[in-house]
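Trainee: Those protein sequences? They're chains D and P, same order as listed.
Be aware that the first sequence starts at 6, since it is given in my numbering, and climbs by one per residue.
Be aware that the second sequence starts at 12, since it is given in my numbering, and climbs by one per residue.
Just to be clear, a hint being listed does not mean it is correct.
[Unchecked claim] Here are the simulated EDC-like cross-link-like pairs (lysine to aspartate or glutamate), alpha carbons at most 20 Å apart as the crow flies:
1) D:Lys651 <-> D:Asp635
2) D:Lys155 <-> D:Asp96
3) D:Lys159 <-> P:Glu54
4) D:Lys16 <-> D:Glu534
5) D:Lys155 <-> P:Glu62
6) D:Lys578 <-> D:Glu158
7) D:Lys159 <-> P:Asp63
8) D:Lys155 <-> D:Glu471
9) D:Lys100 <-> P:Glu55
10) D:Lys16 <-> P:Asp63
11) D:Lys155 <-> P:Glu54
12) D:Lys708 <-> D:Glu472
13) D:Lys414 <-> D:Glu158
14) D:Lys578 <-> D:Glu534
15) D:Lys159 <-> P:Glu62
16) P:Lys49 <-> D:Glu158
17) D:Lys708 <-> D:Glu571
By construction, these hints were calculated from the structure, which means they are not laboratory data.
Here's the letter readout for the chains.
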Amino acid sequence: MAMETFSYDNKIVRNFAFATAIYGVVGMAVGLLVALQIFEPAANLGSQYTTFGRIRPLHTNAVIFAFVGNGIFMGVYYSLQRLCKARMFSDVLSKLHFWGWQLIIVSAVVTLPLGLTTSKEYAELEWPIDILITVVWVIFGINMIGTIMKRREKHMYVAIWFYLATFLTVAMLHVVNSLGLPVSLFKSYSVFAGVQDALVQWWYGHNAVAFFLTTPYLGLMYYFLPKAANRPVFSYRLSIIHFWALIFIYIWAGPHHLLYNALPDWAQSLGTVFSIMLIAPSWGGMLNGLLTLRGAWDRVRQDPILKFMVVAVTAYGMATFEGPLLSVKSINALTHFTDWTIAHVHVGGLGWNGFLTFGILYWLIPRIYQTQLYSVKLANAHFWIGTLGILGYAIPMYWAGLTQGLMWKQFTDEGFLQYPIFLETVLQIVPMYMFRAIGGGIYLIGAIVGVYNLVLTARQGTLLAEEQASAPALVADTEPDTAKNVYGHRWIESRPVQFLVATLIAVTIGGVIEFVPAFLIKSNVPTIESVQPYTALELSGRDIYIREGCNTCHSQQVRPFRSETERYGEYSKPGEFVYDHPFLWGSKRIGPDLARIGDKYPDAWHYNHMIDPRSMSPGSLMPPYPWLADQSIDLSIIGKKLSVMKTLGVPYSDEEVSSAADNTMAQAREISEGLAASGINVESDREIVALIAYLQRLGTDLKAQRVSDNKQYKPKPYVRRGY
Amino acid sequence: MYRQILESIQGIEIYPVMSFVIFMIVFVLISYKAFRMKSSSVEELSYLPLEDNHGNIKK
Chain D
6 MAMETFSYDN
16 KIVRNFAFAT
26 AIYGVVGMAV
36 GLLVALQIFE
46 PAANLGSQYT
56 TFGRIRPLHT
66 NAVIFAFVGN
76 GIFMGVYYSL
86 QRLCKARMFS
96 DVLSKLHFWG
106 WQLIIVSAVV
116 TLPLGLTTSK
126 EYAELEWPID
136 ILITVVWVIF
146 GINMIGTIMK
156 RREKHMYVAI
166 WFYLATFLTV
176 AMLHVVNSLG
186 LPVSLFKSYS
196 VFAGVQDALV
206 QWWYGHNAVA
216 FFLTTPYLGL
226 MYYFLPKAAN
236 RPVFSYRLSI
246 IHFWALIFIY
256 IWAGPHHLLY
266 NALPDWAQSL
276 GTVFSIMLIA
286 PSWGGMLNGL
296 LTLRGAWDRV
306 RQDPILKFMV
316 VAVTAYGMAT
326 FEGPLLSVKS
336 INALTHFTDW
346 TIAHVHVGGL
356 GWNGFLTFGI
366 LYWLIPRIYQ
376 TQLYSVKLAN
386 AHFWIGTLGI
396 LGYAIPMYWA
406 GLTQGLMWKQ
416 FTDEGFLQYP
426 IFLETVLQIV
436 PMYMFRAIGG
446 GIYLIGAIVG
456 VYNLVLTARQ
466 GTLLAEEQAS
476 APALVADTEP
486 DTAKNVYGHR
496 WIESRPVQFL
506 VATLIAVTIG
516 GVIEFVPAFL
526 IKSNVPTIES
536 VQPYTALELS
546 GRDIYIREGC
556 NTCHSQQVRP
566 FRSETERYGE
576 YSKPGEFVYD
586 HPFLWGSKRI
596 GPDLARIGDK
606 YPDAWHYNHM
616 IDPRSMSPGS
626 LMPPYPWLAD
636 QSIDLSIIGK
646 KLSVMKTLGV
656 PYSDEEVSSA
666 ADNTMAQARE
676 ISEGLAASGI
686 NVESDREIVA
696 LIAYLQRLGT
706 DLKAQRVSDN
716 KQYKPKPYVR
726 RGY
Chain P
12 MYRQILESIQ
22 GIEIYPVMSF
32 VIFMIVFVLI
42 SYKAFRMKSS
52 SVEELSYLPL
62 EDNHGNIKK
């Protein structure tokens, strides 16, 4: 067999490696700023561009797509070349991929603080950036599959299966969840509404965790853990089962994010059952990783790289055990909307993704720079600081989540809510928020120490940009076509195209079965006569609510518990949201639910509360929004907004569309006159007026329904403003 | 945007059951395939990432 010589591209690996290190520090620093703002709103620096609702998405996007994203590509570009015994398919594509991805990150850093957002979690970026993401992702896919096609090793090692599944599924998730109709260059509406939108969003959100934070990192684990330990994976057979079971089950579990929300029961049960089943493959994978180190624990004690990896895999096991538990309805009833969820994701984020990334960096940088790690001592220090940081973060958040969850549900002996004032339950856990910020700060310090160590390592070595290698060319299939070869798993392991098809089938079945009924069946979303589309002004207000990220702190979803109906009012029905493009149910309650806020307070209360929350709710942790009283409503695109909504199926008349701007101002004047009567003088074209109109509308349609259903019960006659 | 084509579907409860059955079939099939693999080829495949680790690999 003739040997072929070629070289591995280490420069692209180096680029992604430093991108992940730098964005890790940046993303975590933004996280720390967000954490400070929760207990000290003044930490928003008094600027709308750095206020909580806008930079919390910046934090999540930065750590997911910039830190972990670049981490994935670093690991894939290193391991794929070696596993395929081939250079990357195209240097040009590698470069386009790298710079394209950094361009996406920079666009996120610019647009999110400007409030340009779709509001859908981890999919906040607006449509032009979504298109860019699609293009860059496809470039990555072509480059990866091209490399696999020209490989010199017949069999694709398990890591590669995880990479392929990642590519395929993320592409599908991203495209479906981003479907929207543009209103302007930086504004679009989701084509889905209400329940459907929620289902699609959490099918995406859940599987973004699965196929962006988990499967690619499992691929990395299957490559770098054996590498660092210098021994093969514990059980290759187990890895086959791990792979197929995991990708097949994961996709179904999305609805567990919507338990007790306005979602059909069968979809909720599906989410629960599949979430519990997920324990099996997840733990199979974890054990496979940990047992790889059996008999090598003495080395783990000395080698910081293995330590990082062991804690990472353990954190993976903890998070994937906890996830299914949180999907059990009775547990979810307590933990959903609380900080428990935040603790859960940070065990995964800081432990699994963070520690595995650093473990790989410490292993990889000295190798491509042909040197030793600058300081093993510092790496050990980083390990201990990081571990302390994870504990310092997670423990206070579990505590906070449990405390607040219990307080929300606590009744007095007389049957009243023990803590009817929501703010009381927030102030109770403020010390926990402070400890959390300290824990996060410690972890960040560790990360900075790590980056310092890596930079000095790089400086003392020289980059081996082109690493020479040689391998025999892949000759045509010489194995006899015995039944075993044709039908065994080995068969598919050497056929990337068939492999992709099988993966595609595995990941689409779940999605299809979940969506088809929810989309086709009317009875799943019973319509409510009195639910009407928003007026033009209310729609403008809703877009301001989205821009400011109010949904990062406020849910709009009253769950069917007595503790919630007592506190907020009637529980939410699927039919209430049929005109909500996008849905705004939220996932975390730092403030109270707003689904029934309409008519609860006078307009003047809202005005004062928005300008300075503490004036109305002493000690409030909600940030002030004074700029809303200075900025004017954008009347130029309001007509376009209504017409896009109309295209999406919201029943606006042509007349309503054409006179949208006039109607906006007419309703706005009515509100500002009312405010003037209470001694508040504000121009009627100000954004705050639109936001008040929207808040006052929330939940009132259902009250109108009750009035007509039951003539006995008349709360306050609901008069729909005629706009 | 979406069309509400069907007014209702008979026996929606079958969906979760169906999902479960599909999964079990796939799972059993894959496990069967995995355990039927030849030990020698399993060994060979699991060493793929270590091929360029020069020096002593603990077998």
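Trainee: Each hint needs a verdict: does it hold in this structure or not?
Mentor: Hints, verified against the model:
For the proposed pair lysine 651 of chain D and aspartate 635 of chain D, the alpha carbon gap of about 30 Å is over 20 Å, so the pair is violated. For the suggested pair lysine 155 of chain D and aspartate 96 of chain D, the alpha carbons sit about 14 Å apart, so the restraint of at most 20 Å is met. For the given pair, lysine 159 of chain D sits about 15 Å from glutamate 54 of chain P by alpha-carbon distance, which is consistent with the 20 Å threshold. Of the pairs offered as hints, the one joining lysine 16 of chain D and glutamate 534 of chain D is violated, with about 62 Å between alpha carbons and a cut-off of 20 Å exceeded.
Pair hint lysine 155 of chain D plus glutamate 62 of chain P holds up; C-alpha atoms about 19 Å apart against a cutoff of 20 Å. At most 20 Å may separate the alpha-carbon atoms for a hinted pair to count; lysine 578 of chain D and glutamate 158 of chain D exceed this at roughly 56 Å. As the CA atoms of lysine 159 of chain D and aspartate 63 of chain P are separated by approximately 16 Å, the hinted pair is consistent with the 20 Å bound. With a C-alpha separation of about 18 Å, the suggested pairing of lysine 155 of chain D with glutamate 471 of chain D holds against the 20 Å cut-off.
A hinted pair counts as satisfied when its Cα atoms are at most 20 Å apart, and lysine 100 of chain D with glutamate 55 of chain P does not qualify at roughly 34 Å. Taking the CA atoms of lysine 16 of chain D and aspartate 63 of chain P, the gap is about 19 Å. The hint holds against a cut of 20 Å. Between lysine 155 of chain D and glutamate 54 of chain P, the direct Cα distance comes to roughly 24 Å. Violation of the 20 Å bound is thereby established for this hinted pair. For a cut-off of 20 Å, the pair hint linking lysine 708 of chain D to glutamate 472 of chain D is broken: about 70 Å separates their Cα positions.
Of the supplied pair hints, the one linking lysine 414 of chain D and glutamate 158 of chain D is violated, its CA atoms being roughly 59 Å apart against a limit of 20 Å. About 13 Å separates the Cα atoms of lysine 578 of chain D and glutamate 534 of chain D, which keeps this hinted pair within 20 Å; it holds. For the hint pairing lysine 159 of chain D with glutamate 62 of chain P, the CA-to-CA distance comes to about 14 Å; that is within 20 Å, so the pair holds. A distance of roughly 19 Å separates the Cα atoms of lysine 49 of chain P and glutamate 158 of chain D; the hinted pair therefore holds under the 20 Å criterion.
With a C-alpha separation of about 15 Å, the suggested pair lysine 708 of chain D and glutamate 571 of chain D falls inside the 20 Å cut-off, and the hint holds.
Violated hints, in rising order: 1, 4, 6, 9, 11, 12 and 13; the structure is consistent with all others.
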